[in-house]
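Protein chains: 2
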Amino acid sequence: MTNTPTTYNVISSDKVEGTAVYNRAGEKLGSVDDLMIDKLSGQVRYAVIEFGGILGIGTDKYPLPWDTLHYDVGLDGYGVDVDKEQLKNAPRYPEDRSPEYTPEFGRTVYDYYSIPWYL
Amino acid sequence: MTNTPTTYNVISSDKVEGTAVYNRAGEKLGSVDDLMIDKLSGQVRYAVIEFGGILGIGTDKYPLPWDTLHYDVGLDGYGVDVDKEQLKNAPRYPEDRSPEYTPEFGRTVYDYYSIPWYL
Numbered sequence: 001m002t003n004t005p006t007t008y009n010v011i012s013s014d015k016v017e018g019t020a021v022y023n024r025a026g027e028k029l030g031s032v033d034d035l036m037i038d039k040l041s042g043q044v045r046y047a048v049i050e051f052g053g054i055l056g057i058g059t060d061k062y063p064l065p066w067d068t069l070h071y072d073v074g075l076d077g078y079g080v081d082v083d084k085e086q087l088k089n090a091p092r093y094p095e096d097r098s099p100e101y102t103p104e105f106g107r108t109v110y111d112y113y114s115i116p117w118y119l
Numbered sequence: 001m002t003n004t005p006t007t008y009n010v011i012s013s014d015k016v017e018g019t020a021v022y023n024r025a026g027e028k029l030g031s032v033d034d035l036m037i038d039k040l041s042g043q044v045r046y047a048v049i050e051f052g053g054i055l056g057i058g059t060d061k062y063p064l065p066w067d068t069l070h071y072d073v074g075l076d077g078y079g080v081d082v083d084k085e086q087l088k089n090a091p092r093y094p095e096d097r098s099p100e101y102t103p104e105f106g107r108t109v110y111d112y113y114s115i116p117w118y119l
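Here the protein sequences line up with chains A and B, keeping their order. Position 95, counted from 1, in the first sequence is what our numbering calls 95; the numbers after and before it change by one each time, with no gaps. Position 116, counted from 1, in the second sequence is what our numbering calls 116; the numbers after and before it change by one each time, with no gaps.
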């Protein structure tokens with residue numbers, strides 16, 4: 001993966017919402033709904049994904065650890081290595097009932113995707 | 001600075017816009033208008049600030065390197081160590097004419113605030 005001169009490296013938080021998310025086969029799974037950013041370090045910790053498209057699993061929001069996403073310059077979107085089976089029991093919430101992102105909740109999310117918890 | 005149990009550590013990108021920015025004296029200078037996020041690492045590189053309030057310097061947008069901001073739990077906002085004099089010649093742009101965040105532009109911004117360029 002290389003950075004092309006025309007994409008540069010940064011994206012406005014305004015524009016992240018709606019950025020497409022793809023699986024390994026390059027099929028669009030859904031899009032980024034929101035980002036959860038560490039207030040102190042400025043590091044994005046979670047991408048909150050709305051899966052739809054080929055998965056057809058409703059409109060719940062799925063927080064994914066940032067490290068499960070890989071930006072793909074060619075697709076101009078994010079690739080994720082998760083499949084539908086894995087999402088069946090994944091942490092999720094309805095749009096109007098966002099939980100507190102407590103350390104306990106965060107650890108649950110990170111553990112689910114086998115990403116080392118960062119605290 | 002400590003993290004309190006009630007603020008936790010993350011903030012939605014949706015809510016970052018509008019987060020207040022203060023000077024060292026605790027006076028509100030303006031607010032965060034947007035964030036520029038590294039697509040690959042997920043690290044916030046710039047906070048785009050709209051200074052108003054006591055500075056009264058119009059509605060231009062001022063990109064600041066993330067490391068010039070310090071989250072203040074007590075204020076529930078960001079503190080910056082910049083004064084009005086320093087902003088007089090600072091990189092800025094009108095809202096409707098956002099530049100490309102090229103490496104050259106980024107380096108200009110980082111150099112202006114004496115923050116080491118990250119590439």
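Hints listed in this document are in silico derivations from the structure and should not be mistaken for laboratory results. Note that the structure is predicted; figures quoted are calculated from it, not measured. Some hints could be false.
Heads up, the list lumps identical chains together, so a pair's fine if it works in one copy or across two of them.
No farther apart than 25 Å at their CA atoms in a straight line, the calculated lysine to any residue pairs in the SDA-like style are these [what the hints assert, rightly or not]: (1) Lys-28 to Thr-102; (2) Lys-15 to Thr-59; (3) Lys-88 to Gly-74; (4) Lys-88 to Asn-9; (5) Lys-88 to Leu-40; (6) Lys-88 to Pro-103; (7) Lys-61 to Asp-96; (8) Lys-61 to Thr-19; (9) Lys-39 to Gly-26; (10) Lys-28 to Pro-91.
Hint by hint, here is what the structure shows:
no.: 1; hint: Lys-28 to Thr-102; result: neither (30 Å within a copy, 28 Å between copies)
no.: 2; hint: Lys-15 to Thr-59; result: both (20 Å within a copy, 21 Å between copies)
no.: 3; hint: Lys-88 to Gly-74; result: neither (29 Å within a copy, 40 Å between copies)
no.: 4; hint: Lys-88 to Asn-9; result: neither (33 Å within a copy, 27 Å between copies)
no.: 5; hint: Lys-88 to Leu-40; result: neither (33 Å within a copy, 27 Å between copies)
no.: 6; hint: Lys-88 to Pro-103; result: within (23 Å within a copy, 42 Å between copies)
no.: 7; hint: Lys-61 to Asp-96; result: within (10 Å within a copy, 32 Å between copies)
no.: 8; hint: Lys-61 to Thr-19; result: both (15 Å within a copy, 24 Å between copies)
no.: 9; hint: Lys-39 to Gly-26; result: between (32 Å within a copy, 18 Å between copies)
no.: 10; hint: Lys-28 to Pro-91; result: within (21 Å within a copy, 38 Å between copies)
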